[in-house]
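J.: The lines below spell out each chain.
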Amino acid sequence: METQPAPTTAKVRAEDLKVFFGSKQALLGVSLDIPNRQVTAIIGPSGCGKSTLVRAMNRMHDLVPGASVQGRILLDGVDIYGPQINPVLLRQRVGMVFQRPNPFPTMSISENIAFAPRRHGVRDRDVLKELVRDALERAALWEEVAERLDAPATSLSGGQQQRLCIARALAVRPEVLLMDEPCSALDPIATTRIEDLIHTLKRDYTIVIVTHNMQQAARVSDRTAFMLMGELIEVDATNRIFTSPSDHRTEDYITGKFG
Amino acid sequence: MGLRSRLRLLGDRLMLGACALALLIALVPLASILFKVVVQGAPALSWTFLTSLPRPPDETSGGFANAIVGTVLVVGLTALIGVPLGVGAGVYLAEYGDGLFGRTVRFLAEVLAGLPSIVAGIVGYSLVVVTTGHFSALAGGVALTFLFVPMTAITTQEALKMVPRTTREASLALGLGQASTAMRVALPSALGGVLTGIMLSVARVAGETAPLLFTAFNNSFWPTGPGQPTATLPVQIFVYAISPFESWRQQAWGGALMLLLLVLITNVAGRLFWARRRRFMQGH
Amino acid sequence: MERRAAAEGLSSATLPEARRPAAPRGLSDRSFRTILGVLAAALPLMEAVVLVELLQGSLPALRTFGWHFLVGRTWDPVAEVFGALPFIIGTLLTSAVALVLAVPIAIGTAILLVEYATGWVREGLGFLVELLAAIPSIVYGLWGMVVVAPLMRAHVDPFIEASPLGWLPIFGRPLLGLSLLTAGVVLAIMILPIVASVAREALLMVPSEQREAGLALGLTRWETTRRVLLPYARAGVFSAIILGLGRAMGETMAVTMLVGNTPAVTLDLFQPGYSMSAVIANEFSEATTTLHVSSLFGVGLLLFLLSLVVNSMARMLLRGLSHAGTR
Numbered sequence: 000m001e002t003q004p005a006p007t008t009a010k011v012r013a014e015d016l017k018v019f020f021g022s023k024q025a026l027l028g029v030s031l032d033i034p035n036r037q038v039t040a041i042i043g044p045s046g047c048g049k050s051t052l053v054r055a056m057n058r059m060h061d062l063v064p065g066a067s068v069q070g071r072i073l074l075d076g077v078d079i080y081g082p083q084i085n086p087v088l089l090r091q092r093v094g095m096v097f098q099r100p101n102p103f104p105t106m107s108i109s110e111n112i113a114f115a116p117r118r119h120g121v122r123d124r125d126v127l128k129e130l131v132r133d134a135l136e137r138a139a140l141w142e143e144v145a146e147r148l149d150a151p152a153t154s155l156s157g158g159q160q161q162r163l164c165i166a167r168a169l170a171v172r173p174e175v176l177l178m179d180e181p182c183s184a185l186d187p188i189a190t191t192r193i194e195d196l197i198h199t200l201k202r203d204y205t206i207v208i209v210t211h212n213m214q215q216a217a218r219v220s221d222r223t224a225f226m227l228m229g230e231l232i233e234v235d236a237t238n239r240i241f242t243s244p245s246d247h248r249t250e251d252y253i254t255g256k257f258g
Numbered sequence: 000m001g002l003r004s005r006l007r008l009l010g011d012r013l014m015l016g017a018c019a020l021a022l023l024i025a026l027v028p029l030a031s032i033l034f035k036v037v038v039q040g041a042p043a044l045s046w047t048f049l050t051s052l053p054r055p056p057d058e059t060s061g062g063f064a065n066a067i068v069g070t071v072l073v074v075g076l077t078a079l080i081g082v083p084l085g086v087g088a089g090v091y092l093a094e095y096g097d098g099l100f101g102r103t104v105r106f107l108a109e110v111l112a113g114l115p116s117i118v119a120g121i122v123g124y125s126l127v128v129v130t131t132g133h134f135s136a137l138a139g140g141v142a143l144t145f146l147f148v149p150m151t152a153i154t155t156q157e158a159l160k161m162v163p164r165t166t167r168e169a170s171l172a173l174g175l176g177q178a179s180t181a182m183r184v185a186l187p188s189a190l191g192g193v194l195t196g197i198m199l200s201v202a203r204v205a206g207e208t209a210p211l212l213f214t215a216f217n218n219s220f221w222p223t224g225p226g227q228p229t230a231t232l233p234v235q236i237f238v239y240a241i242s243p244f245e246s247w248r249q250q251a252w253g254g255a256l257m258l259l260l261l262v263l264i265t266n267v268a269g270r271l272f273w274a275r276r277r278r279f280m281q282g283h
Numbered sequence: 000m001e002r003r004a005a006a007e008g009l010s011s012a013t014l015p016e017a018r019r020p021a022a023p024r025g026l027s028d029r030s031f032r033t034i035l036g037v038l039a040a041a042l043p044l045m046e047a048v049v050l051v052e053l054l055q056g057s058l059p060a061l062r063t064f065g066w067h068f069l070v071g072r073t074w075d076p077v078a079e080v081f082g083a084l085p086f087i088i089g090t091l092l093t094s095a096v097a098l099v100l101a102v103p104i105a106i107g108t109a110i111l112l113v114e115y116a117t118g119w120v121r122e123g124l125g126f127l128v129e130l131l132a133a134i135p136s137i138v139y140g141l142w143g144m145v146v147v148a149p150l151m152r153a154h155v156d157p158f159i160e161a162s163p164l165g166w167l168p169i170f171g172r173p174l175l176g177l178s179l180l181t182a183g184v185v186l187a188i189m190i191l192p193i194v195a196s197v198a199r200e201a202l203l204m205v206p207s208e209q210r211e212a213g214l215a216l217g218l219t220r221w222e223t224t225r226r227v228l229l230p231y232a233r234a235g236v237f238s239a240i241i242l243g244l245g246r247a248m249g250e251t252m253a254v255t256m257l258v259g260n261t262p263a264v265t266l267d268l269f270q271p272g273y274s275m276s277a278v279i280a281n282e283f284s285e286a287t288t289t290l291h292v293s294s295l296f297g298v299g300l301l302l303f304l305l306s307l308v309v310n311s312m313a314r315m316l317l318r319g320l321s322h323a324g325t326r
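Residue numbers (numbering that gives the first Met the number 0), protein chains in the order written: chain A, 0 to 258; chain B, 0 to 283; chain C, 0 to 326.
Heads up, some of the hints might be wrong.
Within a straight-line C-alpha distance of at most 20 Å, the following computed SDA-like cross-link-like pairs (lysine to any residue) qualify [what the hints assert, rightly or not]:
id, chain 1, residue 1, chain 2, residue 2
1, B, 35, C, 146
2, B, 35, C, 127
3, B, 160, A, 23
4, B, 160, C, 127
5, B, 160, B, 83
6, A, 23, A, 257
7, B, 160, C, 200
8, B, 35, C, 36
9, B, 35, C, 200
10, B, 160, C, 36
11, B, 35, C, 145
12, B, 160, A, 62
13, B, 160, A, 99
Please keep in mind that the hints were generated in silico from the structure rather than gathered at the bench.
Work the whole structure out from these sequences, hints included.
T.: Written out as structure tokens, the structure is:
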């Protein structure tokens with residue numbers, strides 16, 4: 000349940016969202032506003048449904064046999080589960096970065112980034128080159144790889160690969176960027192760089208980040224939502240949630256009593 | 000340590016020895032075959048052998064040249080028909096194989112992979128030789144296709160299944176559809192495995208004799224095209240091996256060595272190719 | 000769409016306008032699935048074609064002989080009497096011999112490679128065993144004729160005859176070396192790799208926790224293997240054996256060159272015999288009368304159905320294994 004109205008227009012709004020895997024219900028009617036050009040963190044113990052919620056926002060559940068979604072998710076006021084919405088086009092507006100870096104193994108660094116724009120119709124070589132450079136700069140990776148854009152993407156370190164995946168997602172020019180525990184497979188230094196990156200990115204993109212690391216949520220986000228067992232318990236400005244949460248369950252989680 | 004424990008440990012040692020012995024027994028025939036084929040076949044491998052047409056047994060100038068070309072022709076025909084079907088079926092199974100149709104196709108592929116080769120031969124005869132009225136390389140190619148397609152479908156599917164789910168998810172999350180993801184991300188990633196599967200299937204059908212006995216049949220002359228009967232390496236080896244002529248039997252060994260080399264090299268090359276491709280993908 | 004404000008230090012001079020999302024180029028998902036589905040339909044189609052052609056070809060013989068085709072002991076092209084029993088028996092006997100010899104060795108090899116060997120030793124030895132599978136059957140036939148048959152005739156057969164085993168009715172009079180036994184021996188070597196590799200897969204699928212549980216209880220490696228792992232991998236090992244059986248039944252060339260090609264109904268392994276695949280290979284080109292050809296088709300149909308049943312059983316066992324997960 001929300002405790003405060005959203006401060007700016009909601010870019011993405013979930014309305015009474017329920018997700019089922021077969022007969023098992025993973026999300027129990029979640030309603031949440033994601034404000035535009037801000038970072039919203041979703042925290043909670045494992046199994047609480049945070050990944051499920053976020054994956055509903057770019058319709059990744061469409062690919063899971065037996066999964067069904069009820070309720071609405073509005074992107075700029077339009078329900079993305081509406082009958083006339085093409086999920087493939089949706090995912091060009093709502094991008095995703097995954098827990099483990101997953102660059103395309105057969106492609107080089109620049110090919111990884113140019114791949115989706117090329118499929119979406121950009122053909123001009125020079126435009127693609129600029130696009131690759133721009134994406135790498137936005138992901139704070141350009142300087143490290145400028146000399147070896149043709150090297151296999153898998154030759155990068157874990158942290159660099161994740162930034163490559165961010166660059167790749169940005170190259171498609173999404174409006175919203177979903178990040179599902181993007182740092183959990185990375186070392187602390189790589190994590191810090193990505194957190195700095197998020198600070199920069201939020202000027203241009205709406206970001207939703209799922210994290211099991213509360214300190215990370217506190218560092219990086221403007222608003223934080225706490226979930227437990229498929230329900231949204233509380234959502235508020237980050238500093239308020241971490242200093243004076245309204246719900247005792249939130250408090251218990253934050254102080255480490257469980258999770 | 001009591002007697003019982005000592006016996007148990009002894010038993011353990013003995014069984015290890017028995018298993019090692021089993022492995023050894025399995026490898027002895029391998030060594031014997033390789034040795035025998037090389038020793039008997041090498042003397043027969045001369046320039047004449049590789050470039051001449053068959054001659055009667057009393058003449059020394061005969062060769063297996065037309066059989067070698069014939070095998071290439073027939074296997075080529077098989078690959079032409081079989082690769083699109085096999086790879087297409089394999090991709091279907093990997094992408095959509097969970098539905099009823101998919102499960103049926105998968106089951107049939109596995110069962111058909113065990114088709115006795117002689118049955119493939121009489122089906123090829125019945126389908127092509129009877130309809131066209133004569134033996135032909137094409138009939139041989141069609142017969143071999145019944146063995147080639149199931150094998151290729153299975154290996155293609157397995158290669159595609161090895162692409163990690165998260166790689167596909169990355170492509171889909173970038174706004175690509177299933178077709179683009181399959182063709183431009185999954186298939187290139189799995190390409191080494193798919194090609195290896197094709198090479199292994201080629202190696203397997205190249206060595207088959209039974210399906211060709213009454214389809215491609217035999218011929219003492221150069222193959223003229225898919226519409227005529229042709230000599231092939233396995234059939235020629237067979238005919239010469241059971242003949243009463245010493246000179247022909249000698250040549251049979253030469254043919255066997257050639258066939259063995261052909262098959263083993265294709266097999267090994269396929270696996271090496273896959274290993275190298277995998278190293279690139281892991282970032283070396 | 001508003002243009003993205005460039006953050007400091009990032010170049011954005013010549014970037015294209017933010018686009019409205021466009022439909023991806025290339026094949027639509029639906030046509031992709033249809034095209035692939037058509038290609039995949041080749042498999043059921045092939046299966047149907049095989050069945051139809053075999054039925055069509057064997058109809059005359061089946062109509063003439065009816066059930067007697069299966070149990071008739073006489074196969075006489077001249078008198079135009081065709082009973083397939085000698086070949087059925089021959090196929091079953093040679094396959095049985097092959098299984099009896101190959102299964103213990105294959106399982107022993109699989110156990111060695113999975114439980115005791117590691118790293119490149121495992122890979123290398125496994126590769127060598129796989130190599131046995133790559134050898135064409137005509138080469139096995141040739142090798143069998145020149146190496147195994149004389150060996151059997153000169154040493155092995157007399158040895159068996161002289162030993163206590165010689166009292167068994169399956170070991171009668173040793174003859175030429177071209178016999179059901181010889182064919183069975185070479186068949187055993189040919190099916191070894193498939194039984195070993197499927198058994199190996201089955202053992203590899205046993206979760207290591209099971210292995211650790213056994214060892215932690217103080218069992219020796221062999222005891223763990225025998226009492227924990229093999230029972231757990233039971234289904235996989237059975238299917239390995241059945242697949243080996245299927246392969247042995249379908250094998251043609253090696254058997255043709257080694258079995259003696261005599262259509263007799265006999266249980267004496269030292270006797271020459273025949274098999275379903277061998278008779279087709281030998282007589283098909285020469286068969287002149289419709290009834291003869293049709294009878295050979297009938298034998299082919301029998302062989303096909305037999306191998307269909309055997310392979311289906313094996314695959315269903317394997318399928319059950321992967322679905323069940325445990326046990």
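J.: Which earlier hints can't be squared with this structure?
T.: Hints 3, 4, 6, 8, 9 contradicted; others consistent.
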